[in-house]
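Undergrad: Please build the complete structure, drawing on both the sequences and the hints.
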Amino acid sequence: MKAFADLYAALDETNKTSEKVAALVRYFAAADPADAAWAVYFLIGRKPKQVVPSRRMREWAVEAAGVPQWLFEESYHAVGDIAETIALLLPESGRSTDRPLHEWVEQRLLPLRKADEAKQKASLLAAWAELDARQRFVWNKLITGEFRVGVSQLLVTRALAEVTKADQPAVAHRLMGDWQPTPEFYRRLVGQGTADADASRPYPFFLATPIDPGTGPEVLGDVADWFAEWKWDGIRSQLIRRGGQVYLWSRGEELITDRFPEITDAGRGLPDGTVIDGEVLPWGPAGVRPFADLQKRITRKTLTKKILADIPAVLLAYDLLEWEGRDVRTEPMTWRRGKLEEMVGWEGEAPAEPSVAISLPSPARREPRPPGTGIRLSPLVAAPSWEELTATRAEARGRNVEGFMLKRKASPYRVGRVRGDWWKWKVDPYSVDAVLIYAQRGSGKRASLYSDYAFGVWDGGRLVPFAKAYSGLTDAELREVDAFIRRNTTEAFGPVRTVKPELVFEVGFEGIQRSTRHKSGVAVRFPRILRQRKDKAPADADTLEAVRRLLPPGSPAGG
Amino acid sequence: MALLELTDAGLYCPAGKFHIDPWRPVERAVVTHAHADHLRRGSKHYLVSKAGETVTRTRLGPGYAIQTAEYGESVPINGVAVSLHPAGHLLGSAQVRVEHRGEVWVVSGDYKTAPDPTCAPFEPVRCHLFVTESTFGLPIYRWQTPDAIFAGVNSWWRANAAAGKCSIVYGYALGKAQRILASVDPSIGPVYTHGATEKLVQAYRDAGVSLPETRRVSEVPGGRKRSAGGGTWAGALVLAPPSAHGSAWSRKFAPASAGIASGWMRIRGTRRRKAVDRGFVISDHADWPSLLSAIRATGAERVWVTHGYTAVLIRYLRERGLNAEVVQTRFEGEAGGEPDEADAMSTEPEAATE
Numbered sequence: 001m002k003a004f005a006d007l008y009a010a011l012d013e014t015n016k017t018s019e020k021v022a023a024l025v026r027y028f029a030a031a032d033p034a035d036a037a038w039a040v041y042f043l044i045g046r047k048p049k050q051v052v053p054s055r056r057m058r059e060w061a062v063e064a065a066g067v068p069q070w071l072f073e074e075s076y077h078a079v080g081d082i083a084e085t086i087a088l089l090l091p092e093s094g095r096s097t098d099r100p101l102h103e104w105v106e107q108r109l110l111p112l113r114k115a116d117e118a119k120q121k122a123s124l125l126a127a128w129a130e131l132d133a134r135q136r137f138v139w140n141k142l143i144t145g146e147f148r149v150g151v152s153q154l155l156v157t158r159a160l161a162e163v164t165k166a167d168q169p170a171v172a173h174r175l176m177g178d179w180q181p182t183p184e185f186y187r188r189l190v191g192q193g194t195a196d197a198d199a200s201r202p203y204p205f206f207l208a209t210p211i212d213p214g215t216g217p218e219v220l221g222d223v224a225d226w227f228a229e230w231k232w233d234g235i236r237s238q239l240i241r242r243g244g245q246v247y248l249w250s251r252g253e254e255l256i257t258d259r260f261p262e263i264t265d266a267g268r269g270l271p272d273g274t275v276i277d278g279e280v281l282p283w284g285p286a287g288v289r290p291f292a293d294l295q296k297r298i299t300r301k302t303l304t305k306k307i308l309a310d311i312p313a314v315l316l317a318y319d320l321l322e323w324e325g326r327d328v329r330t331e332p333m334t335w336r337r338g339k340l341e342e343m344v345g346w347e348g349e350a351p352a353e354p355s356v357a358i359s360l361p362s363p364a365r366r367e368p369r370p371p372g373t374g375i376r377l378s379p380l381v382a383a384p385s386w387e388e389l390t391a392t393r394a395e396a397r398g399r400n401v402e403g404f405m406l407k408r409k410a411s412p413y414r415v416g417r418v419r420g421d422w423w424k425w426k427v428d429p430y431s432v433d434a435v436l437i438y439a440q441r442g443s444g445k446r447a448s449l450y451s452d453y454a455f456g457v458w459d460g461g462r463l464v465p466f467a468k469a470y471s472g473l474t475d476a477e478l479r480e481v482d483a484f485i486r487r488n489t490t491e492a493f494g495p496v497r498t499v500k501p502e503l504v505f506e507v508g509f510e511g512i513q514r515s516t517r518h519k520s521g522v523a524v525r526f527p528r529i530l531r532q533r534k535d536k537a538p539a540d541a542d543t544l545e546a547v548r549r550l551l552p553p554g555s556p557a558g559g
Numbered sequence: 001m002a003l004l005e006l007t008d009a010g011l012y013c014p015a016g017k018f019h020i021d022p023w024r025p026v027e028r029a030v031v032t033h034a035h036a037d038h039l040r041r042g043s044k045h046y047l048v049s050k051a052g053e054t055v056t057r058t059r060l061g062p063g064y065a066i067q068t069a070e071y072g073e074s075v076p077i078n079g080v081a082v083s084l085h086p087a088g089h090l091l092g093s094a095q096v097r098v099e100h101r102g103e104v105w106v107v108s109g110d111y112k113t114a115p116d117p118t119c120a121p122f123e124p125v126r127c128h129l130f131v132t133e134s135t136f137g138l139p140i141y142r143w144q145t146p147d148a149i150f151a152g153v154n155s156w157w158r159a160n161a162a163a164g165k166c167s168i169v170y171g172y173a174l175g176k177a178q179r180i181l182a183s184v185d186p187s188i189g190p191v192y193t194h195g196a197t198e199k200l201v202q203a204y205r206d207a208g209v210s211l212p213e214t215r216r217v218s219e220v221p222g223g224r225k226r227s228a229g230g231g232t233w234a235g236a237l238v239l240a241p242p243s244a245h246g247s248a249w250s251r252k253f254a255p256a257s258a259g260i261a262s263g264w265m266r267i268r269g270t271r272r273r274k275a276v277d278r279g280f281v282i283s284d285h286a287d288w289p290s291l292l293s294a295i296r297a298t299g300a301e302r303v304w305v306t307h308g309y310t311a312v313l314i315r316y317l318r319e320r321g322l323n324a325e326v327v328q329t330r331f332e333g334e335a336g337g338e339p340d341e342a343d344a345m346s347t348e349p350e351a352a353t354e
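So the sequences go chain by chain: V and E.
With the numbering used here applied, the first sequence covers 1 to 559.
With the numbering used here applied, the second sequence covers 1 to 354.
A few of these clues could be false.
[What the hints assert, rightly or not] Using 30 Å as the maximum straight-line C-alpha spacing, the simulated BS3-like pairs for lysine-lysine come out as follows: (1) K2/V x K165/E; (2) K296/V x K121/V; (3) K252/E x K16/V.
Source of the hints: derived by calculation from the structure; they are not laboratory data.
TA: The structure is reproduced here in structure tokens:
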């Protein structure tokens with residue numbers, strides 16, 4: 001636990017990637033496999049189910065720290081993190097532990113789940129008394145499951161590969177899917193060789209980089225070298241057909257096979273030894289539906305027949321990673337796309353002209369599948385020139401898509417976010433001028449700053465809140481707005497401050513839906529601050545009516 | 001008539017006809033210390049501690065009428081007995097004790113109770129009403145001992161030096177920089193200063209405070225350039241004001257490790273938002289336990305709470321039977337976390353650009 005807490009501190013103390021990797025390398029080089037397995041598990045963001053509710057942790061911390069409940073809450077608002085608040089409030093223990101991480105996790109943390117409340121309390125108080133301030137913080141983080149320390153999975157795999165000389169992509173591969181953080185797993189994780197993939201395991205996803213809106217796609221060179229596809233607004237997923245089984249994985253590495261029976265059923269029709277990359281989307285007679293519809297379905301605990309009938313889902317397939325049991329990620333995109341089209345068939349909109357020369361397609365394979373089948377091909381969009389593609393992009397909103405994906409025809413399927421071959425070219429967001437009306441302190445990096453805002457638009461003589469946003473300002477702007485808020489609070493309600501309506505911001509968002517749950521009657525997706533409009537007075541802000549005009553025609557009322 | 005009242009210009013003593021730390025020009029100002037939010041230019045007459053005279057003159061510039069008093073010396077002003085007592089905040093910082101017709105009120109300005117080699121230690125003064133700051137008025141703010149804090153700074157500096165790197169510490173040019181300078185181990189390497197910092201280091205020396213040798217960055221051959229060439233700054237410690245952080249000036253020291261010295265660094269989120277390698281929890285303000293002990297030591301039944309977590313401290317004191325109220329001053333506490341920072345350096349034109 002000491003070494004792990006030191007690692008956490010070392011990672012926390014630097015902004016430099018090279019120093020983070022160096023700290024990880026130092027840790028893994030010295031760590032026992034039993035500890036290393038848990039360290040990997042936590043560092044890449046996995047977490048055991050929360051064993052003790054935060055509410056109870058707070059209660060016990062209040063008791064142990066000897067502060068009134070309200071003072072604990074005030075402290076929490078300043079810190080923005082429950083684990084850290086507790087670590088800062090507890091009196092110095094004067095002690096520190098040398099017991100290894102795996103013992104703390106396996107013998108102290110995990111048994112808490114089955115323990116009754118009295119035992120949980122005794123165990124936590126005992127732990128706090130044994131740990132120093134740094135260790136307590138990490139310990140609390142492990143319990144609350146909010147263990148984030150600013151290292152990506154990529155950095156962890158890089159460090160592991162460096163320490164053990166294992167193949168880095170193989171390490172990444174082995175980290176996907178279901179595994180238990182045991183010493184055996186760790187040895188396998190850093191083992192040599194690459195041919196050990198468990199049948200259920202997806203490949204690491206290849207992630208696209210945004211196109212700089214300032215330069216546009218022209219910088220990518222000749223349009224003929226690129227495939228253009230719509231950028232779907234759904235759940236990025238891999239469908240795996242191996243060993244007679246079907247697995248559906250989300251990009252969040254969650255196994256969602258059971259959530260989408262229509263896709264899984266369709267997957268059984270694929271030949272064994274197939275892995276498809278695509279997007280799970282809500283589907284209707286007119287094609288893809290807004291993402292909000294899918295959200296309604298994924299939030300349900302049980303899938304009723306009604307839900308399945310109301311909101312059917314499909315997988316729009318856009319890449320083929322495994323074919324006839326072979327990892328084909330190094331084949332060029334053109335080749336992979338050809339095999340995918342053979343397998344999934346032409347569906348929905350065919351491309352304006354065949355984009356890919358398919359070698360002797362058998363007629364049987366080309367036959368369209370009946371509609372309602374859970375797998376469809378993501379069509380290619382004709383791209384005779386960048387200008388024409390730019391013009392077509394204007395249709396994106398009407399199609400419930402976010403813009404284009406541009407994929408280099410000759411590219412392999414890479415691992416993670418690698419620049420150069422896959423680009424996402426999103427449409428410009430919607431934007432509305434709105435007035436800052438409420439503010440709240442942020443959490444994490446923004447703790448103690450008023451950084452979470454609610455914005456209002458005019459409805460008659462009143463400002464109605466219509467969106468919340470907490471990103472988009474630079475640190476300097478944030479400080480300025482924060483200072484304004486502190487001087488212009490008209491009312492404080494719990495952590496929320498009502499602010500004198502004076503500052504106008506351009507608020508951007510990706511989508512808009514009717515909603516009965518919001519006062520404004522609309523719900524917006526991915527709202528964020530685009531810029532402050534110092535040139536505008538509050539009276540110049542937009543009206544609710546203007547916002548409602550952005551609603552898609554005939555869009556159904558949200559839940 | 002109350003002994004002190006809050007006016008548009010600041011805290012005012014009607015009986016003595018003087019202000020304490022006024023934020024507008026007034027006839028007569030009694031000043032607790034020389035930070036920009038407490039010492040403002042433009043008043044006709046100033047009273048400061050003897051120990052704070054040099055620093056006050058440096059900050060005000062020439063041509064001001066400044067009267068000084070030794071700590072503890074009673075100065076009558078229109079029949080009110082005024083005396084200054086060490087506040088431990090920085091060189092010359094004082095609590096202002098005001099006595100009239102048996103009533104004693106104390107305005108503490110900013111204060112800390114931890115030892116500081118560059119100034120006289122905080123001295124509790126018995127009073128009926130105590131005016132306290134509340135910059136760090138939450139129990140999450142607890143400082144380590146200065147020995148432990150500076151051991152941390154020294155080992156960081158030493159490790160950087162061993163790795164051929166420069167160490168930069170950003171902290172207030174007045175008070176914090178000199179405290180750091182007096183507390184680190186100068187045998188580790190040379191200490192360089194930003195111009196804004198050096199000016200006040202010199203003022204401390206002129207006032208008789210002994211400090212390790214320093215050299216202005218701009219006096220080093222090549223020091224004015226963007227890059228002085230490999231190795232020039234390796235092993236050195238550079239002391240600079242917070243406003244220099246992220247400036248072009250700061251990039252010349254690469255390869256370097258940077259730290260910020262501020263009480264706000266106690267919180268991880270603040271530390272990370274500042275994008276420095278290290279946050280040193282070094283503050284010249286009282287932490288939560290010292291606020292409480294300082295207030296208790298005055299024996300005051302009434303407490304006026306100013307700048308900081310006023311609501312929190314007031315509620316806590318009231319729950320413990322004290323008569324506590326808020327006083328809305330324009331003092332700003334410690335910059336760097338709560339961003340109402342009129343950075344004390346903003347009055348230093350050369351701060352960021354040198």
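Undergrad: Each hint should be assessed against the structure and marked as holding or not.
TA: Hint-by-hint comparison with the structure:
1. K2/V x K165/E: holds (27 Å)
2. K296/V x K121/V: violated (38 Å)
3. K252/E x K16/V: holds (18 Å)
Of the numbered hints given earlier, the model fails hint 2 alone.
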